[in-house]
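There are 4 protein chains.
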Amino acid sequence: MKLRVDLNSSIPATRQIAEALRVHLVEGSLRPGAKLPSVRRLAMELGVHFNTVAEAYRQVASEGWLDLRHGRSATVIERAAPAPRKADLAEYRQRLRELISQMRAKGVSQSKIAEELRCFAEELKS
Amino acid sequence: MKLRVDLNSSIPATRQIAEALRVHLVEGSLRPGAKLPSVRRLAMELGVHFNTVAEAYRQVASEGWLDLRHGRSATVIERAAPAPRKADLAEYRQRLRELISQMRAKGVSQSKIAEELRCFAEELKS
Amino acid sequence: MKLRVDLNSSIPATRQIAEALRVHLVEGSLRPGAKLPSVRRLAMELGVHFNTVAEAYRQVASEGWLDLRHGRSATVIERAAPAPRKADLAEYRQRLRELISQMRAKGVSQSKIAEELRCFAEELKS
Amino acid sequence: MKLRVDLNSSIPATRQIAEALRVHLVEGSLRPGAKLPSVRRLAMELGVHFNTVAEAYRQVASEGWLDLRHGRSATVIERAAPAPRKADLAEYRQRLRELISQMRAKGVSQSKIAEELRCFAEELKS
DNA sequence: GTGGTCTAGACCACG
DNA sequence: GTGGTCTAGACCACA
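Here the protein sequences line up with chains A, B, C and D, keeping their order. Position 16 of the first sequence, counting from 1, maps to 10 under this note's numbering, and the rest follow consecutively. Position 70 of the second sequence, counting from 1, maps to 64 under this note's numbering, and the rest follow consecutively. Position 108 of the third sequence, counting from 1, maps to 102 under this note's numbering, and the rest follow consecutively. Position 93 of the fourth sequence, counting from 1, maps to 87 under this note's numbering, and the rest follow consecutively.
Some clues are possibly wrong.
Straight-line Cα separation of at most 20 Å, EDC-like style, residue types lysine to aspartate or glutamate; simulated pairs [as the list claims (entries may be wrong)]:
id : chain 1 : residue 1 : chain 2 : residue 2
1  : A       : Lys100    : A       : Glu110
2  : C       : Lys106    : D       : Glu117
3  : A       : Lys106    : B       : Glu21
Restraint-style ranges between C-beta atoms, simulated for each label pair [stated by the list, open to error]:
id : chain 1 : residue 1 : chain 2 : residue 2 : range
4  : A       : Thr69     : C       : Lys119    : 45 to 51 Å
5  : A       : Leu1      : D       : Ala74     : 56 to 62 Å
6  : C       : Ala74     : A       : Ser3      : 41 to 47 Å
To be clear about the criterion: a stretch of chain C counts as covered by chain D if any three or more of its residues have a C-beta under 8 Å from a C-beta of chain D, and this derived list gives those stretches [unchecked claim]:
id : segment
7  : 11 to 17
8  : 68 to 78
9  : 84 to 92
No wet-lab data here; the hints were simulated from the structure. Bear in mind the structure is a predicted one, so any value in this text is a computation, not a measurement. Note that beta-carbon positions come from the ideal geometry of N, C-alpha and C, so glycine has one too.
Turn these sequences into a full structure, and let the hints guide you.
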């Protein structure tokens, strides 16, 4: 498992790590039963404080992906996929619309954005 | 032009207003030359402090959408699209990826997400 | 409103502050609508870091006592008293039994403990 | 003597074991002279690592309840009740107050709480 | 060895 | 002015 974090990015390291973990979890490269590296080890590898990693683990655990208990290493657990609520979908659509507005506001062209979206859509197909 | 803000929401009012403006600007319901309501009037309508609206106007203006000068009403301007910085693009891609992971974590199926993305991409083409 | 915290105590300041707030809230000296002092002001008064107070506020707010929103001062809110669940009562009884065992283990005499308990019971009557 | 520990509980095993022992010791079901099961045996029964049991024994022993020596089984001893330190008493009073606030916050009525306290006080008298 | 807590300081966002 | 976030370091608790 390899995680990339960019310490110079304006996106906080905690969020980057949590997000990278979610990607692995969602995509199946981290399966139930797998043990994550210890917070301290991963922190050293990434060049961040161990609390930064610990917080990321906690966030992901609070979403039901990890069993995180004192003294034991963090373990991926079987996770009952919740049924998506309609309200959630509407909210996500709204957030997507806002994200696109922001991109256009920052000067990214419509065609470039459309290309990005299609690119992600393709990735999901596989 | 109608803006919806929910004062009880945990999303801060400033951001809600700025987002709503951006959506209108980007989607064309606010065209160059259009005049926005005065800060105080809009504030009264929305039930927020006028500074809150002023801050939202300033944010949107700083992105090049508005001509904001003392004594005149805020006017939408034809804006030279700023060159998107590479770092920005990377950040937006990251945020998009994150949004998608969250949707999947919430139980939205891959195909459903892909469909949403393509749908937005189509809208942008036109 | 006066809060006492003992920085030399082994009990963490955050917990002491949260607890002191709870006592005021439960006993009615902080009523719905009342505004708490700002985290920074209270922190200065108590001689702790403002984050310590902020965390205490957050804990109490998460129990439904406070309206805690960015930029506004913390306000006591009307709180629907939840119906006590039976399981809760059993748990509290267990915790009380454990607390008493610990006191006896530390050398506090039975009669002294009984006296304490009766003393608290009296306070509650009024 | 039977101890219940719940390995799935968020309460750590060590604490659960130590608490359970204290309750037995204080309430008299473990009297001076009684021998506790060996660390390994109890650990096996409870399904925990023997170090976990050993740590619990050590904690209880450090409070003067047990004679814990290499090669002999842990034995309950007649203990000279240690003099309670004033600071301890204050801390316990604080914890009791905290427990009561929590009960009230959870919706348990004052009179119900007072009744519980008096009930425990009576038990101690005998 | 593991993860967790508490405190702290620099900086940010909101009104 | 308000509260909040992020990172950090010393120390603690658990297995």
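TODO: Would you pick out the hints that fail for this structure and give their numbers low to high?
DONE: Of the numbered hints, all hold.
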